Amino acid sequence: MMILKKLLFFFYLFPFFILADNRLKTDGNLLGKARVTLKVAIEKIGYSPYNYKENGEIKGFTIDVLDYIEANSKYDFEFVTLPWPRALYLVAEGKVDLILTLFKNKKREKIYHFIEPSYGYEINKLFTLADNDFQYNGRLKQLLPYSIGTKREFSYGVAFDSANYLTKLPALTEEVLLKLLLTRRIDMAISNPYVFNQLIKKNNVISKVQEMEPYVAKTPVYLGLTKARADSQEIKETLGRLIKQFKAAPYYQVLLNKYQLNFK
Numbered sequence: 001m002m003i004l005k006k007l008l009f010f011f012y013l014f015p016f017f018i019l020a021d022n023r024l025k026t027d028g029n030l031l032g033k034a035r036v037t038l039k040v041a042i043e044k045i046g047y048s049p050y051n052y053k054e055n056g057e058i059k060g061f062t063i064d065v066l067d068y069i070e071a072n073s074k075y076d077f078e079f080v081t082l083p084w085p086r087a088l089y090l091v092a093e094g095k096v097d098l099i100l101t102l103f104k105n106k107k108r109e110k111i112y113h114f115i116e117p118s119y120g121y122e123i124n125k126l127f128t129l130a131d132n133d134f135q136y137n138g139r140l141k142q143l144l145p146y147s148i149g150t151k152r153e154f155s156y157g158v159a160f161d162s163a164n165y166l167t168k169l170p171a172l173t174e175e176v177l178l179k180l181l182l183t184r185r186i187d188m189a190i191s192n193p194y195v196f197n198q199l200i201k202k203n204n205v206i207s208k209v210q211e212m213e214p215y216v217a218k219t220p221v222y223l224g225l226t227k228a229r230a231d232s233q234e235i236k237e238t239l240g241r242l243i244k245q246f247k248a249a250p251y252y253q254v255l256l257n258k259y260q261l262n263f264k
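The working numbering puts the first residue of the sequence shown at 1, with every later residue one more than the last.
Simulated from the structure, these hints should not be mistaken for lab results.
Just so you know, these numbers come straight off a predicted model, no measurement behind them.
Ideal Cβ positions, reconstructed from N, Cα and C, are used throughout, including at glycine.
Be careful, since some hints might not be right.
Here are the in silico distance ranges between beta carbons for each label pair [unchecked claim]:
no., residue 1, residue 2, range
1, A34, A130, 25 to 33 Å
2, P250, R185, 34 to 42 Å
3, D133, K53, 36 to 44 Å
4, K53, G94, 25 to 33 Å
5, R35, D131, 51 to 59 Å
6, N132, D76, 45 to 53 Å
7, R229, R86, 17 to 25 Å
Result set (DMTMM-like, lysine to aspartate or glutamate): computed pairs, CA atoms no more than 20 Å apart in a straight line [as the list claims (entries may be wrong)]:
no., residue 1, residue 2
8, K201, E175
9, K74, E234
10, K247, E70
11, K168, E153
12, K202, E70
13, K33, D231
14, K53, E175
15, K33, E78
16, K244, E54
17, K39, D231
18, K179, E234
19, K39, D67
20, K218, E116
21, K33, E237
22, K247, D67
23, K179, E211
24, K218, E234
25, K95, E234
26, K44, D231
27, K201, E211
28, K74, E116
29, K201, D131
30, K53, D76
31, K227, E211
32, K227, E54
33, K244, E70
34, K236, E153
35, K264, E211
36, K104, E93
37, K53, E93
Using the sequences and the hints, build the whole thing.
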């Protein structure tokens with residue numbers, strides 16, 4: 001049984017090992033090195049398709065990226081479930097090491113290390129009630145008459161974040177945003193469509209909510225690393241090198257297709 005487990009473990013990791021170049025496979029005898037565990041903040045609700053729970057197991061595009069890093073470095077990852085604002089705070093304080101799918105802006109660059117390059121993109125869309133006839137063709141100033149529910153401490157790209165002329169009402173989670181929308185306390189909600197559509201389906205309100213086109217922004221997402229660790233620069237360089245390597249491999253495109261993240 002132990003041999004079988006080892007074989008299963010090998011075949012599970014095989015797609016990730018084949019992505020590494022020969023230098024990385026042999027450099028430093030990784031299996032003999034002491035492992036370093038990094039705490040990673042994730043949200044209870046999940047953030048599909050980047051990270052989500054399925055049959056008690058954490059899966060997703062970002063998790064596949066972390067699996068590759070784990071297989072080719074001395075770093076292991078331990079997940080800590082936190083609300084988004086709390087996660088941002090604890091990573092800034094150094095009590096948690098990494099935060100996932102982080103958007104970059106000037107304010108955040110002063111607080112966190114952003115692992116370069118970005119490992120993918122995310123889009124955010126507007127949602128409103130099906131009986132509303134709001135017009136939107138991509139110009140944010142069209143949204144002036146409306147109240148827009150947002151997620152607290154979340155970034156939706158430079159253009160939306162800096163549009164201070166809009167009426168934005170922050171809420172803690174996407175679940176709260178949906179409740180506010182259904183009770184007409186906001187005119188619209190902005191969210192990752194994968195997450196929000198899952199909530200709509202879960203709450204059996206598909207006929208009551210409509211997704212608006214086009215998307216508000218397509219934004220690169222990063223791993224955000226605390227600056228409070230003494231070895232943060234080493235971690236930043238290692239993770240950045242491995243993400244760059246990962247993105248250059250054919251399997252990266254396979255994952256983009258699998259998770260429908262090939263945005264135009």
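Hint check:
no. : hint                    : in the structure
1   : A34 x A130: 25 to 33 Å  : violated, 56 Å
2   : P250 x R185: 34 to 42 Å : violated, 47 Å
3   : D133 x K53: 36 to 44 Å  : holds, 37 Å
4   : K53 x G94: 25 to 33 Å   : holds, 27 Å
5   : R35 x D131: 51 to 59 Å  : holds, 55 Å
6   : N132 x D76: 45 to 53 Å  : holds, 48 Å
7   : R229 x R86: 17 to 25 Å  : holds, 19 Å
8   : K201 x E175             : holds, 12 Å
9   : K74 x E234              : holds, 12 Å
10  : K247 x E70              : holds, 15 Å
11  : K168 x E153             : holds, 12 Å
12  : K202 x E70              : violated, 33 Å
13  : K33 x D231              : holds, 16 Å
14  : K53 x E175              : holds, 17 Å
15  : K33 x E78               : holds, 18 Å
16  : K244 x E54              : violated, 28 Å
17  : K39 x D231              : holds, 14 Å
18  : K179 x E234             : violated, 43 Å
19  : K39 x D67               : holds, 14 Å
20  : K218 x E116             : holds, 17 Å
21  : K33 x E237              : holds, 18 Å
22  : K247 x D67              : holds, 14 Å
23  : K179 x E211             : holds, 16 Å
24  : K218 x E234             : violated, 30 Å
25  : K95 x E234              : holds, 18 Å
26  : K44 x D231              : violated, 28 Å
27  : K201 x E211             : holds, 13 Å
28  : K74 x E116              : holds, 19 Å
29  : K201 x D131             : holds, 18 Å
30  : K53 x D76               : holds, 19 Å
31  : K227 x E211             : violated, 38 Å
32  : K227 x E54              : violated, 32 Å
33  : K244 x E70              : holds, 15 Å
34  : K236 x E153             : violated, 23 Å
35  : K264 x E211             : holds, 18 Å
36  : K104 x E93              : holds, 18 Å
37  : K53 x E93               : violated, 27 Å
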